[in-house]
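Engineer: Now for the letters of each chain:
There are 2 protein chains.
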Amino acid sequence: MKVIDGGITAAKGFEAAGVEAGIKYQGRKDMALIYSRKPCRAAGVFTSNVVKAAPVLWDKEVVAHSPYAQAVVINAGIANACTGKQGYECCSKTAQAAAEHLQIPADSVLVASTGVIGMQLPQDKLNAGVKKLVEAKADTIEAGQIAAEAIMTTDTVFKQAAVTFEIGGKTVTLGGMCKGSGMIHPNMCTMLCFLTSDIAISKELMQEALSENVVDTFNMVSIDGDTSTNDTLVVLANGMAENPEITSKNEDYDKFVEALNYINTTLAKKMAGDGEGATALFETKVINAATKEDARRLSKSVICSSLTKAAIFGHDANCGRILCALGYSGVDFDPEKIELRLENKDKSILIYKDGVMTDYDEEEASQILASEEVRALVDMKMGTAQACAWGCDLTYDYVKINADYRS
Amino acid sequence: MKVIDGGITAAKGFEAAGVEAGIKYQGRKDMALIYSRKPCRAAGVFTSNVVKAAPVLWDKEVVAHSPYAQAVVINAGIANACTGKQGYECCSKTAQAAAEHLQIPADSVLVASTGVIGMQLPQDKLNAGVKKLVEAKADTIEAGQIAAEAIMTTDTVFKQAAVTFEIGGKTVTLGGMCKGSGMIHPNMCTMLCFLTSDIAISKELMQEALSENVVDTFNMVSIDGDTSTNDTLVVLANGMAENPEITSKNEDYDKFVEALNYINTTLAKKMAGDGEGATALFETKVINAATKEDARRLSKSVICSSLTKAAIFGHDANCGRILCALGYSGVDFDPEKIELRLENKDKSILIYKDGVMTDYDEEEASQILASEEVRALVDMKMGTAQACAWGCDLTYDYVKINADYRS
Chain E
36 MKVIDGGITA AKGFEAAGVE AGIKYQGRKD MALIYSRKPC RAAGVFTSNV
86 VKAAPVLWDK EVVAHSPYAQ AVVINAGIAN ACTGKQGYEC CSKTAQAAAE
136 HLQIPADSVL VASTGVIGMQ LPQDKLNAGV KKLVEAKADT IEAGQIAAEA
186 IMTTDTVFKQ AAVTFEIGGK TVTLGGMCKG SGMIHPNMCT MLCFLTSDIA
236 ISKELMQEAL SENVVDTFNM VSIDGDTSTN DTLVVLANGM AENPEITSKN
286 EDYDKFVEAL NYINTTLAKK MAGDGEGATA LFETKVINAA TKEDARRLSK
336 SVICSSLTKA AIFGHDANCG RILCALGYSG VDFDPEKIEL RLENKDKSIL
386 IYKDGVMTDY DEEEASQILA SEEVRALVDM KMGTAQACAW GCDLTYDYVK
436 INADYRS
Chain S
36 MKVIDGGITA AKGFEAAGVE AGIKYQGRKD MALIYSRKPC RAAGVFTSNV
86 VKAAPVLWDK EVVAHSPYAQ AVVINAGIAN ACTGKQGYEC CSKTAQAAAE
136 HLQIPADSVL VASTGVIGMQ LPQDKLNAGV KKLVEAKADT IEAGQIAAEA
186 IMTTDTVFKQ AAVTFEIGGK TVTLGGMCKG SGMIHPNMCT MLCFLTSDIA
236 ISKELMQEAL SENVVDTFNM VSIDGDTSTN DTLVVLANGM AENPEITSKN
286 EDYDKFVEAL NYINTTLAKK MAGDGEGATA LFETKVINAA TKEDARRLSK
336 SVICSSLTKA AIFGHDANCG RILCALGYSG VDFDPEKIEL RLENKDKSIL
386 IYKDGVMTDY DEEEASQILA SEEVRALVDM KMGTAQACAW GCDLTYDYVK
436 INADYRS
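As given, the protein sequences belong to chains E and S, one line each in that order. All residue numbers for the first sequence refer to my numbering, where the first residue is 36 and numbers rise by one. All residue numbers for the second sequence refer to my numbering, where the first residue is 36 and numbers rise by one.
A hint or two may mislead.
Subject to a maximum C-alpha distance of 20 Å in a straight line, what follows is the list of computed EDC-like cross-link-like pairs (lysine to aspartate or glutamate) [said to hold, decoys possible]:
1. E/Lys-120 <-> S/Glu-371
2. S/Lys-95 <-> E/Glu-371
3. E/Lys-120 <-> S/Glu-397
4. S/Lys-120 <-> E/Asp-394
5. S/Lys-166 <-> S/Glu-55
Keep in mind that the hints were calculated from the coordinates and are not lab data.
Put together the whole structure using the sequences plus the hints.
Structural biologist: So this is what it looks like as structure tokens:
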């Protein structure tokens, strides 16, 4: 596997665009298009929130029942959630508009929205945006990046990644982009994430690989504990790499899963590190837990703790809060066995041993917490399972962004 | 039932004190004592956190196995959590010191701590503090208030309440004090809360009443989602009201439960309204849910949502976030039936009807959100059950307090 530049246009046959449609934001790109020259097999995972945005309902239909998918139309600014029948009709009309311009069936067009809940989307602006997107689409790396920028809301950086790998002598490419900064606590997947590949793989296996992989990648991210109404993760595969089609869980399938895991982990960490107002990526790795599920719950409980997140922002090694968060995770363990380390790229210091605080150097700990990537390494000494979760610190800017967001 | 002034010294035979012991804070009172002239029956509920502070382990023993309890020694500043054997021995030594000065058995002394996790308590300062407390104790309203002040950490106001009611021609009094401002998401009870009464009631019934009542009072409060290692709620009853002892669930029992519910609700709301950095008490009332448990989960999910809390701080009626929080609560419902109102003492406006945003007046909504007590009223239209939960807004000051707390 080789990491390469680019994102959604890295794989063969994929085009993208980003344009200014004036949906809600002014003076910036706010609509994006992904298009594949060949029809794609599609797999997707969506929010588990009972309140599902209209595009989520639309996309679930397309992924489950359409013979294939060939395009995705995305807007930023308005989420099209809690919008009733009018919201769903908007999805249908937007897909129809894209279908006409692209000369493809409307039921092969996915739609996605992110932004404020409750407001209706302006259909005329969407339609005009779709027309501009189709005119602007291109298969360049630049076009992919423009699309990744157009779907941002409170994100401060665009997020993309791509890799190539070999299957049956053919080079296969998998790339992706995502956005997400607030209202991030995916329960099925991230807020909006789109992966494209030229791989030939059966729809069932692609869905299985995706559903399994999100559990340890996007589902291990939390910025604020709020599971969005719009979480969407879709993979499109057009088969243009001409590899022998993957139809069973063989070595080739494992290669695909490895690439998928790399892209998802990379995008998940980028999302966590760019959490609203964040100054640091905060990773918690739990090792030697009794079960994998225990390790997941323990690590996620720590990165979700407001008190721990605020302590990281303050560069204060108040690590009792980490032990506290482990304790209320719902997992049973022996508090008197726990070992806790704080780490960055260069250093690792022991803060708790056998559940009791060590005589560590406060200044050294504070230096670690001032890093861009901070890690808590927790040894439960209960078994052999491990898991990683990713979040960020809690800052004044998080409050500022979310007290002001709509206005 | 009649609301009266005072707190833990309101009931007959109870004395209290607060003194400066220099445990961690300087220049303020940081230790408190509750003492009953007669031995008490005790009931208690404690944190469900796997990481339990030493005083929680000590108090659970006393409540479960001691024939009676007669005093409580409390310190603020250091939590005595994650302190291993030394921490537990500290509880034992502190109880012994109190026992000597008060001439009561050591196993009738409860201890409680609140503050930073990980640090060991200075035993000499505790012992000196205990001596001063015993010398200073008094049965006045003022003494109760000084104790309520001494147990504060980041609280901005002391919290107490008291009522009287009649049983068998005798006036019975129930009073209490609590503290709690951060790390508040009780799963069994609040951080530290002490109730005192001169009622005569069997230990079993008192425990049953307490365990049932916390579910709809303290357990419905959240300030930051962090369930403390130290949560403790204890009731002491010395029987000095000389009412006919309550030994069955009769009318008298119902009167006790009514008083208990009033005191617990009052203290729970005071705690929520005084959340770290909070500018508003945020109540969410869910009505017409399918089951009581659904109503509890739905209302608590809303008051825990960081995005909703930040929107309240910004006086921005971004109520899609409330629908979103209902949606990820884990409760199933029909999003297209929901009705949502924002209310304060004077006004009530409809924001969502049948799951879709109404054409409400933004300025009016913003005015409601600027109140000291803000209420979201959610009609699920799924059944007849209801519940209330209490939290607060998320502010710059919450971040400031918790980024700085230890230093």
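Engineer: Each hint: holds or not?
Structural biologist: For each hint, the structure was consulted:
Between the alpha carbons of E/Lys-120 and S/Glu-371 the distance comes to roughly 10 Å, so the proposed pair stays at or under 20 Å and holds. Proposed proximity of S/Lys-95 and E/Glu-371 is supported: the alpha carbons are some 19 Å apart, at most 20 Å. At most 20 Å may separate the alpha-carbon atoms for a hinted pair to count; E/Lys-120 and S/Glu-397 exceed this at roughly 24 Å. Of the supplied pair hints, the one linking S/Lys-120 and E/Asp-394 holds, its CA atoms being roughly 17 Å apart against a limit of 20 Å.
Only pairs whose Cα atoms come within 20 Å are accepted, and S/Lys-166 paired with S/Glu-55 is accepted, the gap being roughly 11 Å.
The structure does not agree with numbered hint 3 stated previously, though it agrees with all others.
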